[in-house]
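K.L.:
Residue-level listing of the chains:
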Amino acid sequence: MSAETRTQVSGPAVGSPPARRHQIGRVEIRGLVKQFGNVAAVRGFDLDVHGGEFVSLLGPSGCGKSTALNLLAGLLDPDAGQILLDGQDLAPVPPERRGFGVVFQSYALFPHLTVGRNVAFGLEMQGVRPDDVDRRVRRALALVHLEETIDRYPAQLSGGQQQRVALARALVIEPRLLLMDEPLSNLDAKLRIEMRLEIRRLHQALGLTTVYVTHDQEEALSLSDRIGLMKDGTLRQVGSPEDVYLHPKSAFVANFFGYRNLLRVRVESVRGTHAEVATPSGLHLAGTVRDGVAAGAEAVAAVRPEDVEVLPVPANRPGIVARVEFAEFIGDAFECSVVADAGDAFVVRTPARLERGAAVVLSANPERLLVFPPE
Amino acid sequence: MQRAAGTQAGEGAVVLRRAGVHWRPLLPLAPALLVVLALFVYPFIYGLQLSLSPIGALAKAGVFANYGSFFGDPRERLSIWNTLRLAVPVTLLDLALALPLAYRLRRPLPGQRLITGLLVIPMTLGTVLLAEGMIEFFGPAGWVNKTLVALHLVTFPVQFVHNYTGVFLSLTISDFPAVFLVLLGYASGLDPRLEQAARTLGAGWWERLRRVTLPLLAPGIAAAAALSFVATFSVFPSAVLVGEPAGSTRVIALAAWQAAYENFDYPRASAIAMVMGAIELAFVALVLAARSRVYRAPTIGGRG
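Taken in sequence, the protein lines are chains A and B.
Read left to right, the first sequence gives residues 24 to 398 (the working numbering).
Read left to right, the second sequence gives residues 2 to 305 (the working numbering).
It should be emphasised that the hints constitute simulated quantities derived from the structure, not laboratory data.
Since the structure is predicted, the reported quantities are computational estimates derived from the model, not experimental observations.
This list has only true hints and no planted wrong ones.
The following label-pair restraints were derived from C-beta to C-beta distances:
(1) A178(A) / A142(B): 55 to 63 Å
(2) G182(A) / L38(B): 40 to 48 Å
(3) P32(B) / R223(A): 57 to 65 Å
(4) P117(A) / Y43(B): 54 to 62 Å
Where is the CB? At the ideal position from N, CA and C, for every residue including glycine.
So that you can see chain A by itself, here it is in the shape it has in the complex (with noise of 0.2 Å):
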């Protein structure tokens, strides 16, 4: 009876952790290289995934991070380069014996086998004596909260129970490694924040060391212990989700946590850390420099929204007179398209609507305007 009402409460107390006995110590990536034709998918791919750790990668569709999970699995083989698990080689080993959890974009269920049959088939090929499988199939599919589904076609389910099976048949094997492809992008916006929540509960609950590919990064900033940015099929920034949000090293990963306002710039004069750059239009702003920025070069300057003052005009302070082009609604604020009267555009962040064609004038903190050297 008490057991029962356990394994009822949803929590990281649920079940028990069957992972932990299977625990690795840690995933070595040294210099993966993997070309499709004469386009490099993947190119001097590095990174460390410690045992129990959630590694989100993160990048635009094409910056190869999808390639990058697929040659972790064995499903491809890399052209160059070494993956190491605890110090052993994976090269000579077939995806079929590496032990890893996949669970796809598409879900990829077998859709001629029930939802028990198909959670069953990993255990049933590890040669696990029925009666274990069984149990094992009904605890994974209670872990996601489907034992009721379990005579089902994967065809008679939603998408998001359709996944959740998917996320049970990876799990129920005890893998070694979770790999997880876009496992959310055909969810709606709601789902998709609940099968977030489930994944961050099921990792808290296993401590399954799990690599999640994505390309949204609210999704990454939530499930993962460390996040590697993407893009062109090489790693920009490997870090906290505090660290790449707060220190974003370059211009393409600012832009990707929300420096939705990029400006090319050349640097007039550099102290210390605080620098004064100028756009072609001829606006002069004051900001912080990351590394690699001389006076004189080429750079670009990034600001996010929410960090660009809005003051009424007239205003007590300095600043770049624009006028509003449109203001979008976005639930806590308004997002205004703003543009400079010397022709530069900015989207802003206000409390009120502001009125097409109005006049504002922007004042940026130099400590949040940030210049990267370009690209």
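Position chain B relative to chain A; hints supplied.
P.N.:
What follows is chain B alone, placed relative to chain A:
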């Protein structure tokens, strides 16, 4: 009183409208239904009715006299066996040949169009052209026998045509493209992610084939088998041209033809045609039953 009448009229209108709603979506089907009725259902019923009206010596022997006499005659009965021992092995052999090819060619490969084209060519040759070619190629003075003799594999030319082997080869060649194309259609529709998922779950190639690929291809294999069997069971020209129509390849279609055009007994020919149809139907039913044992996923389902 007036009110009641009004209500009645109103209800009548509702009923009519309901009937309209039921029928209107089916209206575009009418031309196709008419064609099916005229070209299939009517001849079938006509033939069935004809087969139950025996003429000549059997005219007074009851409605099933044609059937009784067909099954009572060992030579006639043998035509069923003669056809089955062509149709079943040809169907199985073509499936066995086409399945690995279709699976291999399911995704673009270099030269794939050329290979697919070559495999489909037999479809464009008529049975007669194929038969003429076979008589030359497999004949006593043809390339096959010349090669066999030159290699000292045989002393005298082997007889490949004008017997069972001739018809078997001819059917295998002419029937292959349809089987291959049906299977190719199904195989190229396989989601490659499913096999990858099976791999990551620990399935080697044999387990993937047995548990994922073949069950998913089951509907295609069933369709190809049914098509192939029905096509080969009704074999006629090649049984005459490259076969031994008086003996080992006296197939059931030939028995029906002889009844109709040598003995001018249309009712008897119709009865034989009905037997032919019944056997084909039985085979198709068998194949579909076998298929549903393998693949039982529902065809309808809700998405959330």
